[in-house]
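Enquirer: For chain A, the structure is supplied; the task is to place chains B and C on it using the hints.
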Amino acid sequence: MFPKNAWYVAALPDEIPADKPLGRTICDERIAFFRDADGRVAAVEDFCPHRGAPMSLGKVCGGRLQCGYHGLEMDRDGKTVAMPAQRVRGFPAVRRYAVEERHGFIWLWPGDAALATPDTIPDLAWARQSDWAFGGGVFHVKCDYRLMIDNLMDLTHETYVHSTSIGQKEIDEAPPVTRVDGDRVVTEREMHGVMPPPFWQAGLRANGLPDDQPVDRWQKCRFVAPSNVLIDVGVALAGKGGFDAPAELKANGIVVDFITPETATTHWYFWGLARHFKADDAALTAATRERQGQIFSEDMEMLERQQLNLSAHPQRALLKLNIDAGGVQARKIIERLCAEEAAGVATKEVA
Amino acid sequence: MFPKNAWYVAALPDEIPADKPLGRTICDERIAFFRDADGRVAAVEDFCPHRGAPMSLGKVCGGRLQCGYHGLEMDRDGKTVAMPAQRVRGFPAVRRYAVEERHGFIWLWPGDAALATPDTIPDLAWARQSDWAFGGGVFHVKCDYRLMIDNLMDLTHETYVHSTSIGQKEIDEAPPVTRVDGDRVVTEREMHGVMPPPFWQAGLRANGLPDDQPVDRWQKCRFVAPSNVLIDVGVALAGKGGFDAPAELKANGIVVDFITPETATTHWYFWGLARHFKADDAALTAATRERQGQIFSEDMEMLERQQLNLSAHPQRALLKLNIDAGGVQARKIIERLCAEEAAGVATKEVA
Amino acid sequence: MFPKNAWYVAALPDEIPADKPLGRTICDERIAFFRDADGRVAAVEDFCPHRGAPMSLGKVCGGRLQCGYHGLEMDRDGKTVAMPAQRVRGFPAVRRYAVEERHGFIWLWPGDAALATPDTIPDLAWARQSDWAFGGGVFHVKCDYRLMIDNLMDLTHETYVHSTSIGQKEIDEAPPVTRVDGDRVVTEREMHGVMPPPFWQAGLRANGLPDDQPVDRWQKCRFVAPSNVLIDVGVALAGKGGFDAPAELKANGIVVDFITPETATTHWYFWGLARHFKADDAALTAATRERQGQIFSEDMEMLERQQLNLSAHPQRALLKLNIDAGGVQARKIIERLCAEEAAGVATKEVA
Numbered sequence: 000m001f002p003k004n005a006w007y008v009a010a011l012p013d014e015i016p017a018d019k020p021l022g023r024t025i026c027d028e029r030i031a032f033f034r035d036a037d038g039r040v041a042a043v044e045d046f047c048p049h050r051g052a053p054m055s056l057g058k059v060c061g062g063r064l065q066c067g068y069h070g071l072e073m074d075r076d077g078k079t080v081a082m083p084a085q086r087v088r089g090f091p092a093v094r095r096y097a098v099e100e101r102h103g104f105i106w107l108w109p110g111d112a113a114l115a116t117p118d119t120i121p122d123l124a125w126a127r128q129s130d131w132a133f134g135g136g137v138f139h140v141k142c143d144y145r146l147m148i149d150n151l152m153d154l155t156h157e158t159y160v161h162s163t164s165i166g167q168k169e170i171d172e173a174p175p176v177t178r179v180d181g182d183r184v185v186t187e188r189e190m191h192g193v194m195p196p197p198f199w200q201a202g203l204r205a206n207g208l209p210d211d212q213p214v215d216r217w218q219k220c221r222f223v224a225p226s227n228v229l230i231d232v233g234v235a236l237a238g239k240g241g242f243d244a245p246a247e248l249k250a251n252g253i254v255v256d257f258i259t260p261e262t263a264t265t266h267w268y269f270w271g272l273a274r275h276f277k278a279d280d281a282a283l284t285a286a287t288r289e290r291q292g293q294i295f296s297e298d299m300e301m302l303e304r305q306q307l308n309l310s311a312h313p314q315r316a317l318l319k320l321n322i323d324a325g326g327v328q329a330r331k332i333i334e335r336l337c338a339e340e341a342a343g344v345a346t347k348e349v350a
Numbered sequence: 000m001f002p003k004n005a006w007y008v009a010a011l012p013d014e015i016p017a018d019k020p021l022g023r024t025i026c027d028e029r030i031a032f033f034r035d036a037d038g039r040v041a042a043v044e045d046f047c048p049h050r051g052a053p054m055s056l057g058k059v060c061g062g063r064l065q066c067g068y069h070g071l072e073m074d075r076d077g078k079t080v081a082m083p084a085q086r087v088r089g090f091p092a093v094r095r096y097a098v099e100e101r102h103g104f105i106w107l108w109p110g111d112a113a114l115a116t117p118d119t120i121p122d123l124a125w126a127r128q129s130d131w132a133f134g135g136g137v138f139h140v141k142c143d144y145r146l147m148i149d150n151l152m153d154l155t156h157e158t159y160v161h162s163t164s165i166g167q168k169e170i171d172e173a174p175p176v177t178r179v180d181g182d183r184v185v186t187e188r189e190m191h192g193v194m195p196p197p198f199w200q201a202g203l204r205a206n207g208l209p210d211d212q213p214v215d216r217w218q219k220c221r222f223v224a225p226s227n228v229l230i231d232v233g234v235a236l237a238g239k240g241g242f243d244a245p246a247e248l249k250a251n252g253i254v255v256d257f258i259t260p261e262t263a264t265t266h267w268y269f270w271g272l273a274r275h276f277k278a279d280d281a282a283l284t285a286a287t288r289e290r291q292g293q294i295f296s297e298d299m300e301m302l303e304r305q306q307l308n309l310s311a312h313p314q315r316a317l318l319k320l321n322i323d324a325g326g327v328q329a330r331k332i333i334e335r336l337c338a339e340e341a342a343g344v345a346t347k348e349v350a
Numbered sequence: 000m001f002p003k004n005a006w007y008v009a010a011l012p013d014e015i016p017a018d019k020p021l022g023r024t025i026c027d028e029r030i031a032f033f034r035d036a037d038g039r040v041a042a043v044e045d046f047c048p049h050r051g052a053p054m055s056l057g058k059v060c061g062g063r064l065q066c067g068y069h070g071l072e073m074d075r076d077g078k079t080v081a082m083p084a085q086r087v088r089g090f091p092a093v094r095r096y097a098v099e100e101r102h103g104f105i106w107l108w109p110g111d112a113a114l115a116t117p118d119t120i121p122d123l124a125w126a127r128q129s130d131w132a133f134g135g136g137v138f139h140v141k142c143d144y145r146l147m148i149d150n151l152m153d154l155t156h157e158t159y160v161h162s163t164s165i166g167q168k169e170i171d172e173a174p175p176v177t178r179v180d181g182d183r184v185v186t187e188r189e190m191h192g193v194m195p196p197p198f199w200q201a202g203l204r205a206n207g208l209p210d211d212q213p214v215d216r217w218q219k220c221r222f223v224a225p226s227n228v229l230i231d232v233g234v235a236l237a238g239k240g241g242f243d244a245p246a247e248l249k250a251n252g253i254v255v256d257f258i259t260p261e262t263a264t265t266h267w268y269f270w271g272l273a274r275h276f277k278a279d280d281a282a283l284t285a286a287t288r289e290r291q292g293q294i295f296s297e298d299m300e301m302l303e304r305q306q307l308n309l310s311a312h313p314q315r316a317l318l319k320l321n322i323d324a325g326g327v328q329a330r331k332i333i334e335r336l337c338a339e340e341a342a343g344v345a346t347k348e349v350a
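Keeping their order, the protein sequence lines are chains A, B and C. Using numbering that gives the first Met the number 0, count along the first sequence one by one with no gaps and you end on 350. Using numbering that gives the first Met the number 0, count along the second sequence one by one with no gaps and you end on 350. Using numbering that gives the first Met the number 0, count along the third sequence one by one with no gaps and you end on 350.
Hint data in this document are derived by calculation from the structure and do not stem from the laboratory. Incorrect hints may appear among the rest.
The list treats identical chains as interchangeable, and a pair is accepted whether it falls inside one copy or across any two copies.
Unchecked claim - Cut-off 20 Å, straight-line C-alpha distance, at most; resulting in silico cross-link-like pairs (EDC-like, lysine to aspartate or glutamate): (1) K58 <-> D280; (2) K277 <-> D35; (3) K319 <-> E72; (4) K168 <-> E297; (5) K239 <-> E187; (6) K277 <-> D243; (7) K239 <-> D279; (8) K58 <-> E303; (9) K58 <-> E297; (10) K19 <-> E300; (11) K58 <-> E300; (12) K141 <-> D27; (13) K219 <-> E187.
Here chain A stands alone, though its shape is the one from the complex:
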């Protein structure tokens, strides 16, 4: 269950070089991404109208996507514009998708391109500002994308899944506060005067701060429909203002999570950290990215096995505790968006 008339992160920019398409399924749509002559990303159905070959096995020539089987060439609108020794005017176009490159990500609208609204792509201020540094990657995960949203909206799992890096007992002991605002959900907690866990010890050291002193730690998970979770995270020396402490007394950033359905039970997980200290330290960015990749990969087995359990027991009710409120509210928004989308389709069909 996912809305299709929405923006999803579909790829990282360097996954789509100038000369090669990228084939990727997003929300059950098989799509070939490529760059046109201006370097603008295009997205078309990954299906050659000639004989059904995947266009993504071809190459890009002069900004056109060339089928690797018999040479049909397609433009960014999915229209065939050339094929050796053929008149192509009557060839059926394949579907084109609305796609935008912005803030360091490729955003896809898998639904009706006519409804796509580029101005609703989330504004990622940190992606535009030089005092932030971003590093991240993408995982393929064999579970419903909503299990990943649940995961990220309830960080008590850090204590168990990531016990050697970001987990600490005090997370469980600090009840989260959750509130809903339209298509957004925020669930947050603060921990005062706790010892920093290893990941944040390293962060403090990297920012020139002591790693053996009590800190105030915060986690502010912000869900934005359809499936983005951006989490303010950080530690400040205890009693200096926490989240609002001066920059030189804290280490902080935003955990970036773009969670994109592939099918009903698989998804693409774009993860990363926007770091708000030592932004010009590329080695630190690389090392942090490496470490985060290790930590976040710890969730994979749990999520994929949870999916198998839920698929085996589809009717079974789960608990909805206070710690689950973030995920529960996010799912309600998703359900409402899906219902609205279905109703919209129904309305159109009646009209």
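Expert: The following block gives chains B and C in isolation, referenced to the frame of chain A:
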């Protein structure tokens, strides 16, 4: 097709250490096994009532099973007894299973725990007696567990599948005698004055006997419902009484086969040999176990490919020859037990 | 969709040694191939009538196929002729298939053996003549066999899939001419005064001809029902008669493609080249076979991914351009043969 109100071997004791649960599916039930504070094995549904995570990915703390996702703790009855910062009294319990550790195996009753009768766990005398030594292991096999019962109740296959170790032409030539006694089937053969095959030559040598003399060899396959096959096997110097020969003139033991359904077309095969000579020779036990593991793995491809053939031809009748009588009778008992179990359920529902 | 009353290449002769059977599925039939005491190939159902074991896991003893599970022995007609300590007269026979070894291939008739007509096995003149040399192999391909027929009846794909070996732009630019004659289709093109691509440069050199001169190149694809494609290919020094040029002025041969359904969406692809120059140069045959294997393996990903695309969009219409005429006509013949076969079965059932 398998009865669920019955004892099955589910694991070897060292598969369940004190600090880690074991996840294993038995008779279509996904189960987490763990040891409580007394070291007693417990078996609960492998499903966290919080969010459906597999409990078997967690750990054991103070005899409680702790979910590895968000820290819910469960006791041996499947009741949640703790969770950080939560009141757990109203949490639904998950199913608990009757389980016993006895004779060096973990026995599970996958059906209604209220009906479990620990006194019907088979008594394995050799497991209690110091003049016997046991070595064994477990295989996962992708076929109906009844194909393994058939396999073990018709040892003419040794001549073909195990031609270089325990097979010999005289097995085929000695028709078996089969008899049924309640939920038990015995099918047996004797071979008089034959040369021992390589496995038994090694056995004779290990017991200080010549390996180049004719022997009397016996195979007494004992099926016990639901799916245990214990086989008296051995060789004695020819003419000295065979099975009843004095211990110093023979090499003998019991092939142990506990055959536990995982699903309709897969099973866990617990195999081993209880050896009745040189019981204190641990090196011999290890070497024999290694060799038996090699020999028994020769059956795997045949059984799994047989399953594929039968799945492709589900209606096809098979032959039931005299050599098949053991398996045929065992299947009849299984079918009767399943019918009784279904009738019992029906009776209860009427009541 | 494939006719079953037809001859298909099922194996290469050396895939069936004297002592070992070969298990292979042809047109959804699981078959065990073996050689009888005269070395003649036999084909029987790969299903032991005793307990359903695959006969292909057994061995061949004195020209009989012996089951590797319990020793049942079968003759070339699928009749059980022996089993240790058993009377086998009443054993049901398994199905036997008509099979012939001819022209260096094993030909199977997967349908009704009573209808098999060995005289309709294609005559491969090159396989009998000493001035031709053959080298080839077999691939397992996960797509409908008709996609491979399409592939071979439209060689414009060489320009894209095989751009570094046999592809060249002029293929696309030379429209093919297609004609149908009963159960045969020919689609052909000629290219005059073109530079030879690398594969043919090597061919010219091997035949003592210059590799840097313009040539006339030809491709005559001959489809013969049910699924054989034999392609006259070659290059001659330009203006010397092309296909009809004297042998010393050209390098030519026949690309051999026997395309045998395994299931609806998988097939066995027997490929090779019958070379019509330097026929006694075994090293050249080996090197050419190696190179052809590399080139033809370039098609695999495209075909298998095309199959996935078509399976995901079963209703979608494909284009039928002039370059597709060969495949389109071949498919029409296959459809007619299947319809005739179905009608024949219906007629028989009425009778």
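Enquirer: Confirm or reject each hint.
Expert: Going down the list of hints, with the structure as the test:
no., hint, in the structure
1, K58 <-> D280, "neither (36 Å within a copy, 39 Å between copies)"
2, K277 <-> D35, "neither (36 Å within a copy, 49 Å between copies)"
3, K319 <-> E72, "between (52 Å within a copy, 17 Å between copies)"
4, K168 <-> E297, "within (18 Å within a copy, 51 Å between copies)"
5, K239 <-> E187, "within (19 Å within a copy, 82 Å between copies)"
6, K277 <-> D243, "within (18 Å within a copy, 76 Å between copies)"
7, K239 <-> D279, "neither (25 Å within a copy, 70 Å between copies)"
8, K58 <-> E303, "between (34 Å within a copy, 18 Å between copies)"
9, K58 <-> E297, "between (36 Å within a copy, 15 Å between copies)"
10, K19 <-> E300, "between (32 Å within a copy, 16 Å between copies)"
11, K58 <-> E300, "between (35 Å within a copy, 15 Å between copies)"
12, K141 <-> D27, "within (14 Å within a copy, 22 Å between copies)"
13, K219 <-> E187, "within (4 Å within a copy, 68 Å between copies)"
In terms of the numbered hints stated before, the structure departs from hints 1, 2, 7, listed from lowest to highest.
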